[in-house]
Amino acid sequence: MSVFNSLSNRWTSFLLLCLAVCSLITPAVMVKHENFKTCAQSGFCNRNRAYADNALSTSKWAAPYSLDPASVRFDKGVLTGTISKKTTTNEIVRLPLTVAFYESGTARVTLDEEKRQKGDIELRHASKAKKQRYNEAEQWAIVGGTTISTGAATSKDAEKGTTKIVYGPASKFEAVIRHVPFGVEFKRDGETQIKLNDRGLLNMEHWRPKVDKPAPEKKEGDDEKKEGEEAMAAGSDKEMAEDESTWWDESFGGNTDSKPRGPESVALDIEFPGYEHVYGVAEHAGPLSLKETRGGDGKYSEPYRLYNSDVFEYEMDSPMTLYGAIPFMQAHKKDSTVGVFWLNAAETWVDITKATTSANPLSFGIGSSVTTQTHWISEAGLLDVFIFLGPKPQDVIGAYTELTGYTQLPQQFAIAYHQCRWNYVTDEDVRDVDRKFDKYKIPYDVIWLDIEYTEGKKYFTWDPMTFPDPLGMNKQLDEHERKLVAIIDPHIKNEGNYPIVEELKSKDLAVHNKDDTIYEGWCWPGSSYWIDCFSPKGREWWKGLFRYDKFKGTMKNVFIWNDMNEPSVFNGPETTMPKDNLHHDHWEHRDLHNINGMTLVNATYDALLARDKVEDKHHVRPFVLTRSFYSGSQRLGAMWTGDNQAAWPHLEASIPMLLSMGVSGFPFAGADVGGFFGNPSKELLTRWYQAGAFYPFFRGHAHIDTRRREPYLAGEPYTEIITQALRLRYALLPAWYTAFHEASVSGAPIIRPNYYVHPGDEKGFGIDDQFYLGSYGLLAKPVTKEGQEGQDIYLADKEKYYDYFDFWTYEGPGTVNVAAPLDTIPFLMQGGHIIPRRDRPRRSSGLMRYDPFTLVVVLGNSGDAEGTLYLDDGESFDFQDGGYLHRRFSYASSTSTLMSEDLAASTGKKTKEYLKQMEKVRVEKVIIVGAPAAWKGKGEVELSEEQGGKSSAARKVALDWHDKEEGKAAWAVVRDPGVQIGSGWKIAFP
Amino acid sequence: MKVAKFYKDAASFTCISNPSLSFPVSRLNDDYCDCPDGSDEPGTSACAHLSPLSPHTPADGAGAAGSNTTLALPGFYCKNKGHIPTYVPFTSVNDGICDYEVCCDGSEEWEGVGGVKCEDRCQSIGKEWRKQDEARQKSLGNAGKKRKELVAEAGRLRKQVEDRIQSLGTEMEGSEIKVKQLEQEVAEVERKEKGKVVRGNVPKKAGKLGVLVGLAKQRTEELRETLERVRGERDSSTSRLQELEGILSTFKEEYNPNFNDEGVKRAVRAWEDYAARDKGPEPEAAHDRDLDAITGSDKDNGLDWEEYEGDDESESETDKVYAFESYLPPSLRGWVDQKLRDLRVTLVDSGILADTTAGSSSGGESKAVTDAKNRLTAAEKEVEKHRKSLNEHQDDLAKDFGPDDVFRALKDQCVSTDAGEYTYEVCFLSKTTQKPKKGGGHTNMGNFVRLERIVVDDELPPNGKGLGSGERIAMKHENGQHCWNGPNRSTMVVLACSESNEVWKIVEEEKCVYRMEVGTPAVCEVLGASAAGVEGKKAGGVRDEL
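The listed protein sequences derive, respectively, from chains A and B. Residue 753 in my numbering sits at position 753 of the first sequence, with consecutive numbering throughout. Just remember that my numbering sits 1000 ahead of the position in the second sequence, which is counted from 1.
To be clear, the hints were calculated from the coordinates, so they are not data collected in a lab. Glycine is no exception: its CB is placed at the ideal position from the N, C-alpha and C atoms. You may find that some hints are simply not true.
To be verified - With the C-beta cut set under 8 Å, the calculated list includes, among others, these residues of chain B facing chain A:
no., residue
1, 1025
2, 1028
3, 1032
4, 1053
5, 1055
6, 1417
7, 1421
8, 1425
9, 1507
10, 1509
11, 1510
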């Protein structure tokens, strides 16, 4: 409003009128802040922030948690003990502690509460909720990496008052556990990397009975103020009175949460000394490198919030919660990355502050450094935190994904282009779009159906008016190996004559309300119930619903989209379920909210596995897209960033958001290309396709009120430019697929931020608008601003970079400017890599299966290059039986030889069959960028091929060398070497 | 295009568009792209990437041609023996899919990738095609006949209009003559009347007038009371309406759009439509002022009933004149009277004296003048009516009814089809309408504005019920009902030849922008030429064999 202050009142009111009129014309595009809580409106967040403020405001603060040294046991890699919490009333609360050390080098600190653990508490309102702190998050999130370390051992030379455990690879890690007050320091090579409870913010709200105090004696009118004053007075008296106002119930937006277990939050401060950058705690619309959250210029004043929500028209650069939650954070400094994983499924807030520690005047040569302090606050559940000590980014991400699982190796179609819209309105409409893509020679693999295909929003049905022949439609798609993805949401319409809801009710498989009867809420279909996928019976039932004979109209090329699984409940608090709802085994919704979305996807994934027979030749990998997610969701499919807008800032924000997903172990991520709400200009649409061609999950999508925007409708030159971007994606699919394979075995991101690729380059730690594709040195920086015709690209290392399209040569390190008119994507190739491509344009990725390969050898300063290729049938599980090929291509300048070696870990029963199938698939072309001048005039290379274990006789093929011209690299082409992609071979250059 | 000759040399091959480039013939169809125009690979997909639709690098095998490359050949040539030869896009060659729709002999999958075998189906496909083609031709023939009928009908209708124009012309001439005569009559009567200082028809009977005044006063009172009551009712309705609109606009602003209640959404939508609609003239303050004035007392309005009631005694000016004349001897009186009349006429004619017989106060006009004028007005109206009618008919004649005026015969005829939950109707040269099957209000999808010609490029389905490709006549409809969150509805109705009028397809291309594909015999002959072209191309256009 400050803008208006200088204006006269009349103008102000006129402008306001204009604003009012404008808002009538176009729907106001703005997140409804009032629908979502701030920390101050969230009782436990507010209490813990106040606790922190109190603790940090006094130097005399003594954290009331101490580890009883006598209770400490260390046995086979696990330390146990009991922490005593001294309450404000001087009671002692016993908190069992476990510190586990895993073989992977990961440590885990778990704290429970004895009384609750034993069920020795009373619940209010005769609640049937479970009494324990939620201890099943690991059943959903953790799938491996928990082998207990055999090498971890207590160290004799622990200082007094501490216990020291030495563990990790080569015993380079240490955990120093301080007894009073309780705290842990994790060290690597003797240097402290992570500190727990160093600032004394550890807080586990213990169970207590509600004492109904007599009515307050205060006079009406001034009670608020007085209470505040009292609190202040008490606070300054060190013994701060606790704010009980939100202990027993809490209201927001007309909904009251009954809290039968009283206050039960857990909080801890985690410090990263010397680390200036932290990444992670996805999903948020903000920069990759997380901002401070306690106010100040350019900083947030709210903590990062993790409470999966259907945020309508979310805003940019905000710590506000979004659809998914990954409570995993990495801290990074020059050549060192460490991380923590806060395994808690309840609503969580994370405060971040950074402190600059100035140079110690007594120590010479050490400059100031920045320390990042974080404060993790969850509403309920265990305190359960995993510690990763790196030192490389991949070590941390690898350890985290070893625990929570690697991204599923998707079917190849799933990483090709998806065409979606809310909605393709009839089966004929779908067929028509399908034909149009072919007519305009634009490749695509998948067409999607949003909610309108159903009959009255009843999932597992088809609207008989608009989709009379779904099978015919699916068959047409299948003719060109295309797929259909149909939406299935967790809310089941409450309506008569709908067998699904009748079964759901009669089998009692839906989520219950606090009174333990079926919970009814409002979503797309109107009155609805929600499937409880925490229930094994519920999941089993869900599994059956997707059988071809049950979900009629589907066939093998139909896959599923799970939306609204936060869950989104239109009339619920913060557009989701009441926290006191009850799930399977009487866990409260508050306990497991953030995992809820994942359970649905898990059930859907299992359902898609179950609809085909395992022995079926075409037992294909499931594909499920989800909006809501948690740590571990990466095992089950793809995510997208939800309902974005057709606006430049949203295009820009999509890149840091996807990079953040990548370093959070969930790299199969995308944003709606074109923007969901609103109509993009043709320029924006074109630029968005150019960026989208680099999204791991690449889908165009649009809101029902927008104009159609399929690529062929854009008109020239836009359609042509968009088609080029799509064909670029398709040509590079071998590289993408290999990157996905890498992610599926190591958790590595698919598009990688600068810090990940260059962990020693301090200048690049904050960069989040450019990225590398896989391990190929392919560096892209899509244009995300209107009218921009050039792009500054940051090159981190002393290396040659070539423009992908014209071989223009740049030399790092430093920032270079790349021309980027509308038809050009700023896209460079770093020297030293070999990139596999398939250049023949086809209608869908499935039709490229037997196409030959082109290898692009990019020679940099060293003159050497290497790259890998992973390939399988792109759809089945045969790769688990060895049905794949995995090659390493390398060029050595010393011998001028390019060779292909086998990288396959082992052979299996399907290996032979697959290699036989690929026998005719050859390398049709080798392009060498930055080709040595010595090749000039040498018209031939000599190649030899392995056949049946023996080397064939060498033969000669043509080499075509082109000199460099005006800034562009020299290049050469080996004409049709004809070697098999799946076999060993060697090409000797002159 | 004769390209076969380029492939005749047994030893070497020269790229068609780049004659400087020659290769040994072994590089022909060797699945490696050598020519920048792709002409060395007429039988493989090796050069399929040579297209402006593909990303390009200097090492494409196309030399430096880059994205400006155009392929020398239109595609892979399918001989389709037993059917019609055609070209398949290179991108579809050897991709493991039998593209029988274009290549019925399966020859484009000659490599058998992934074990695919595409048998030659040209016999059956060709047979089926010929059968359907026959039906199509027959249907086309029938359609042609129907069109002839329509054209004949249109001709008749046109003739009717032309005839009517002629008769209207004659009638109008007659009326105009009549008007001239009447004008003269009026002038004459007026001239006569102007000479009379005293009009003979000045009401003498004050009694009758008094009654009239009384009645008028009473009636005016009644009218005023009624007007006041109606105004009160209107004001209360207006304020209720404003209150309601206020409630609704608050509702619209404050409802949670995420809470996607269909009922609420519908209500908001309806409100949007309502709010966007032209609300008619704004209540003007002037009107209310008028009303205030009208309902004010008559005296304030300058009408003093008392002046007309009972004030019969006062002498009028004419009375005084008569009184003056009565003092003179009769002979002199006659002379003076005559002189005065002449003088008055002279003065009036020279503009010195106001013409009291002129002016709008018909009450003050002599009956003769009024009658004459009435006759004139009636005659003028008649002329106007004729002129309007004539203009309408002439406009109608000039209007674009398409080639041969054929749509004249279809105007306002309606055809409809069911799609989903709606029935869609198009009335030729009138409008398009969406009608919910479950009942409820009809939605105007646009009013006809004009005929256009647009270029379409669709596959013609086997039954021929589709647009095909080429130039087509389309009816453009605009300014239909306003759309929530969108434009006014509009519809493009694209027409193609068919035996009968029928709606083939309706799609909502964008929000509230519809496209209908409609068959009608009306466009057949026009289509006939180009359709024959299409068929001809299919049948015999592809002659170059490789």
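Hints, verified against the model:
{"no.": "1", "hint": "1025", "result": "violated (16 Å)"}
{"no.": "2", "hint": "1028", "result": "violated (13 Å)"}
{"no.": "3", "hint": "1032", "result": "holds (4 Å)"}
{"no.": "4", "hint": "1053", "result": "holds (4 Å)"}
{"no.": "5", "hint": "1055", "result": "holds (4 Å)"}
{"no.": "6", "hint": "1417", "result": "violated (12 Å)"}
{"no.": "7", "hint": "1421", "result": "holds (5 Å)"}
{"no.": "8", "hint": "1425", "result": "violated (17 Å)"}
{"no.": "9", "hint": "1507", "result": "holds (7 Å)"}
{"no.": "10", "hint": "1509", "result": "holds (6 Å)"}
{"no.": "11", "hint": "1510", "result": "holds (4 Å)"}
Hints 1, 2, 6 and 8, counting from the list given before, are not met by this structure.
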